[in-house]
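J.: Whole structure, please, built from the sequences with the hints as guidance.
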Amino acid sequence: MPRLSAQMVERARDMIALYPHARSALIPLLHLAQEQDGWVTPEAMEHIAELLDLTPAEVRGTATFYDMLFLEPTGKYLVSICTNIACLLNGAYELLEHAEEKLGVKAGATTPDGNFTIEEVECIALCGSAPCLAVNWRFFGNVSNDGFDHLVDELAAGRLEGDVPPHGTLCRVRRAVGLVGGAPHDAVVEPVQEHTPVEEQH
Amino acid sequence: MAVDVPQPIVTRRFGLHESWTLRTYLDNGGYDGLRKALAMSRDDLVENVKTASLLGRGGAGFPAGQKWSMLRKAEPVYLVVNGDESEPATFKDHQLMVTDPHQVVEGALICAFAVGAAQAFIFVRGEFALGLERMTQAVNEAYEYGAIGRDIFGSGWSIDLVVHPGAGAYICGEETALLESLEGKRGFPRIKPPYFPAAIGLYGAPTVVNNVETVSNLPWITLNSGDAFAAMGEGRSTGTRIFSLSGRVNRPGNYEVEMAKTTFRDLFYDERFGNGIRDGRELKAFIPGGASAPWFGADKVDMPLDQDEVGKAGSMLGSGSIVAMDDTTCMVRAAWRITRFFHHESCGQCTPCREGAGWVDKVMYRIEQGAGREEDLDLLLDVCDNIAPGLSWPPQQTTICVLGPSIPSSIVSAIRMFRDEFLVHIKEGACPFT
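Chains as they are written, first to last, in our numbering: chain A, 1 to 202; chain B, 1 to 434.
Among the hints, erroneous ones may be present.
Said to hold, decoys possible - Short, incomplete list of chain B residues facing chain A, as computed with Cβ under 7 angstroms:
no. : residue
1   : 18
2   : 127
3   : 136
4   : 146
5   : 150
6   : 154
7   : 159
8   : 168
9   : 247
10  : 337
11  : 341
12  : 343
Derived from the structure by calculation, the hints contain no laboratory data.
Here a beta-carbon is modelled for each residue, glycine too, at the ideal position from N, C-alpha and C.
T.: Structure, rendered in structure tokens:
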């Protein structure tokens, strides 16, 4: 399995430079690893640890907490179907069941050709168009069973590559400038002298 | 049902051609608020927001101006804008970031200037791929335009703004978990006290954390004055607010309406908003402020969208998401699905939440599946009582953050309001709605 490519390392270094402390770039870098390989490989995590001066265990410790980061391979298209309350009230489980039937695999599994992984997800904030889903985090709302079949057929035929890019939520995100406003690097934080507890917020 | 709809504030550019571009933004008053702010004193800016009585739009409803005034006197100060919108049925920040990202940037800059921040971050939920693109593109354009960076608009003030992606964890909407995540760690909420990041926040420095919709109001408030904002609404619930309406209504969507002057009934039935319940059905119950909020029965439909009124009635406006459930909705199933959500999203630090959520999820599920027992209802309430003793509102807390105490909301609401439905599931050994 590959480490991060030279091009990815360049993007990674640009990202690290945006933060007062390098470790803040850890999650963005994990997104880069997933963009490159479709999942976060052990080798990529070791490489990220080197780049951030962390241990591989620290990298893994963070990576395992987050739902978007996959520590094993997924299909080319990750189909994330929301079944939370707003979608539930609009037929989400019927859609999920239909999706499982159409693709021939259960939620959590990948089709044998490696094209599609279905997952059931929590609310993805498109509740005005329930039921909704995302494919590689590109959103589709008001999805009917027929609409789902059409979507899958188009994806399988390679006709939606402009709308649904490969893995990596940052794959089309490019920041044009570094820090120019004099942000504090390796900021030294003054020790706390004292503080008055304020009333608890609810 | 003839509620007045004032000129929108934060959604006023929705629907404009390429509303997310700098060109459209500038053609429609963009960055005028920042220009005005840079000519004002910091104290005046903070006072203006206090006058506006701008309550935080993220969920807790804490007054933004007060939050800014609580900063510990130390350098550096950071600003973090919370765009990790994950409360089920809330979809306003998503739309704000995708549709009008420059407004978020301008609001963040006004806040950063007012509090003297050294650097600002916009934490965008990782799933929002298009939101991340649009926010980053807006930041790129704003640097080029001179609104971010060195010597902004010739004022001598400089700042950098970084768009930061999350990676999928509801708990990171909790502000101390969000800061841990921004530091590259697991999203574990921090132990309180300190209660506010204003004392100890990002990298231990004093930090302001404000929601996307909250900062989106700042350009308008700066241009038009806090008094103009406070002239709308009533009491502490001033200005306008976006409500995310979903569920069994004909026209779900984000609607910006005047606080306190609009009722739940307006939102559900007015043809400009929900336009009634689907298929002419009856409203059965509704969630007034996100999955964490206790439910209201249809008898509460004439209550105004007023933070304090809803609080007094035993729930909250929370994140501004309102879910309509009708007479075809199985309340056991609805409550179970929300319970399962909390089980999935519990970070695992505190025993009552980690263990409690798992048990109530299992018990709710077996009732919904027709395998429940009558004593399960007392068992559920007992476990909920261990998570949030007293089952009152606002809830008592046995955990580091408010995720735990949010678990009982839907379960207790459903049992108290629809006990008969639970009993039918148990007696018939099946869900009567399927």
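J.: State for each hint whether it applies.
T.: Hint-by-hint comparison with the structure:
1. 18: Interface hint status for residue 18 of chain B: violated (17 angstroms vs cutoff 7 angstroms).
2. 127: Check passed: Cβ of residue 127 of chain B comes within 6 angstroms of chain A, closer than 7 angstroms.
3. 136: The hint holds - residue 136 of chain B has a Cβ within 7 angstroms of chain A, the shortest such distance being about 5 angstroms.
4. 146: This interface hint is violated because 11 angstroms lies over the 7 angstroms limit.
5. 150: holds (5 angstroms)
6. 154: violated (14 angstroms)
7. 159: Holds, about 5 angstroms.
8. 168: Interface hint status for residue 168 of chain B: holds (4 angstroms vs cutoff 7 angstroms).
9. 247: Nearest chain A Cβ about 5 angstroms off; hint holds.
10. 337: Cβ of residue 337 of chain B sits 5 angstroms from chain A, so the hint holds.
11. 341: holds (6 angstroms)
12. 343: violated (11 angstroms)
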